[in-house]
Amino acid sequence: MKAILALIFWSVLVPAFGQSLLPVFLKGTWKVNNAEIYEHWDQLNDKTLKGFSYRIKNGQINVTEYLNLTQSKDRIVYTATVVNQNLGKPVSFTMKEKEGAFIFENLKHDFPKQINYRKLSDIEIEVRISDLKQKEYAFNMRKLSSNTQQDTATSNSNYDALLAEKLGGDAYGMKKYILVILKTGANTTTDKTFINESFRGHLQNINRLVEQGKLIVAGPLGKNTNNYRGIFILNNINTLDEAKEILQTDPAVKAGLLDIELFNWYGSAALPEYLPASDKIWKQKP
Numbered sequence: 001m002k003a004i005l006a007l008i009f010w011s012v013l014v015p016a017f018g019q020s021l022l023p024v025f026l027k028g029t030w031k032v033n034n035a036e037i038y039e040h041w042d043q044l045n046d047k048t049l050k051g052f053s054y055r056i057k058n059g060q061i062n063v064t065e066y067l068n069l070t071q072s073k074d075r076i077v078y079t080a081t082v083v084n085q086n087l088g089k090p091v092s093f094t095m096k097e098k099e100g101a102f103i104f105e106n107l108k109h110d111f112p113k114q115i116n117y118r119k120l121s122d123i124e125i126e127v128r129i130s131d132l133k134q135k136e137y138a139f140n141m142r143k144l145s146s147n148t149q150q151d152t153a154t155s156n157s158n159y160d161a162l163l164a165e166k167l168g169g170d171a172y173g174m175k176k177y178i179l180v181i182l183k184t185g186a187n188t189t190t191d192k193t194f195i196n197e198s199f200r201g202h203l204q205n206i207n208r209l210v211e212q213g214k215l216i217v218a219g220p221l222g223k224n225t226n227n228y229r230g231i232f233i234l235n236n237i238n239t240l241d242e243a244k245e246i247l248q249t250d251p252a253v254k255a256g257l258l259d260i261e262l263f264n265w266y267g268s269a270a271l272p273e274y275l276p277a278s279d280k281i282w283k284q285k286p
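Under our numbering, the residue at position 179 of the sequence shown is numbered 179, and the numbers go up by one with no gaps.
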């Protein structure tokens with residue numbers, strides 16, 4: 001990944017003796033000065049903040065990056081997963097403290113290797129992103145007031161805070177999933193017994209992943225020239241590598257009868273809510 005201009009926002013150093021070292025002041029929406037580039041953060045618990053960067057063009061939100069801040073004891077790691085870069089793999093930066101600033105570093109990454117945050121005021125900071133040589137970017141960001149956020153978003157009178165928390169959605173009711181395209185694999189065996197057993201196991205594995213809450217959509221595709229056979233949407237899976245490992249539990253995938261293509265997908269956090277209804281409308285299982 002050649003450039004992660006990660007939009008992250010820090011102010012003064014969080015007291016080292018508190019139970020949580022996370023910058024909880026990040027909760028809310030921030031905007032890059034003189035650009036329609038935003039970042040939103042939510043606090044999941046005292047050890048985790050999740051966010052995403054996005055641009056607004058013609059009234060449409062385009063998510064560009066998924067962000068994660070986690071604390072383990074006194075160590076904080078900032079992780080960025082940039083859409084359509086680095087094969088969907090996250091890049092992590094470890095925090096180190098210097099006087100008057102927070103610094104995250106990953107010396108093995110091409111760019112950036114270091115991200116430096118300096119507080120200018122209670123609502124504005126300066127961020128410098130550098131390769132520790134000659135390449136550097138700096139930009140200022142301001143936190144949007146609650147009134148500004150209300151002016152730029154539609155208020156929802158139907159909002160259910162408990163349901164939103166249960167489903168893990170962001171402020172827009174959305175979350176990250178993994179989209180799986182199943183296609184014809186390289187195994188061209190004609191052993192019908194083996195094929196039937198593998199696809200019987202394929203269906204059993206689908207049911208198992210649904211019961212585990214890891215699979216929320218599965219279905220075949222019509223005949224096509226791309227040899228695409230079906231789709232999965234995986235839930236509560238953090239990385240594409242984790243998705244690949246989980247899909248190796250599918251006998252048809254493991255045997256090479258099916259191959260997979262994986263994509264990060266951003267969709268409604270309410271998607272799993274259709275599952276209880278789906279179990280009430282079938283008469284016969286395949």
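If you're looking for bench data, these hints aren't it; they were derived computationally from the structure. Keep in mind that a hint or two might mislead.
Keeping only pairs whose Cα atoms sit at most 25 Å apart, straight-line, the calculated DSS-like set for lysine-lysine is [to be verified]:
#, residue 1, residue 2
1, 89, 254
2, 50, 214
3, 183, 214
4, 133, 214
5, 135, 214
6, 133, 96
7, 133, 108
8, 244, 214
9, 119, 135
10, 31, 135
11, 135, 113
12, 27, 166
13, 50, 192
14, 96, 108
15, 50, 119
16, 135, 183
17, 135, 96
18, 192, 166
19, 31, 113
20, 244, 183
21, 108, 27
22, 73, 96
23, 47, 135
24, 192, 223
25, 89, 119
26, 47, 57
27, 73, 113
28, 113, 133
29, 214, 89
30, 166, 47
31, 214, 254
32, 214, 192
33, 47, 280
Simulated DEER-style distance windows between Cβ atoms [claimed, not checked]:
#, residue 1, residue 2, range
34, 107, 188, 39 to 49 Å
35, 75, 194, 46 to 56 Å
36, 207, 124, 19 to 29 Å
37, 118, 236, 28 to 38 Å
38, 191, 270, 15 to 25 Å
39, 118, 208, 47 to 57 Å
40, 73, 223, 15 to 25 Å
Every residue, glycine too, gets a C-beta built ideally from N, C-alpha and C.
Item to check | Hint numbers contradicted by this structure | outcome: Violated hints: 4, 5, 13, 16, 18, 21, 23, 25, 26, 32, 33, 36, 38 and 40; rest satisfied.
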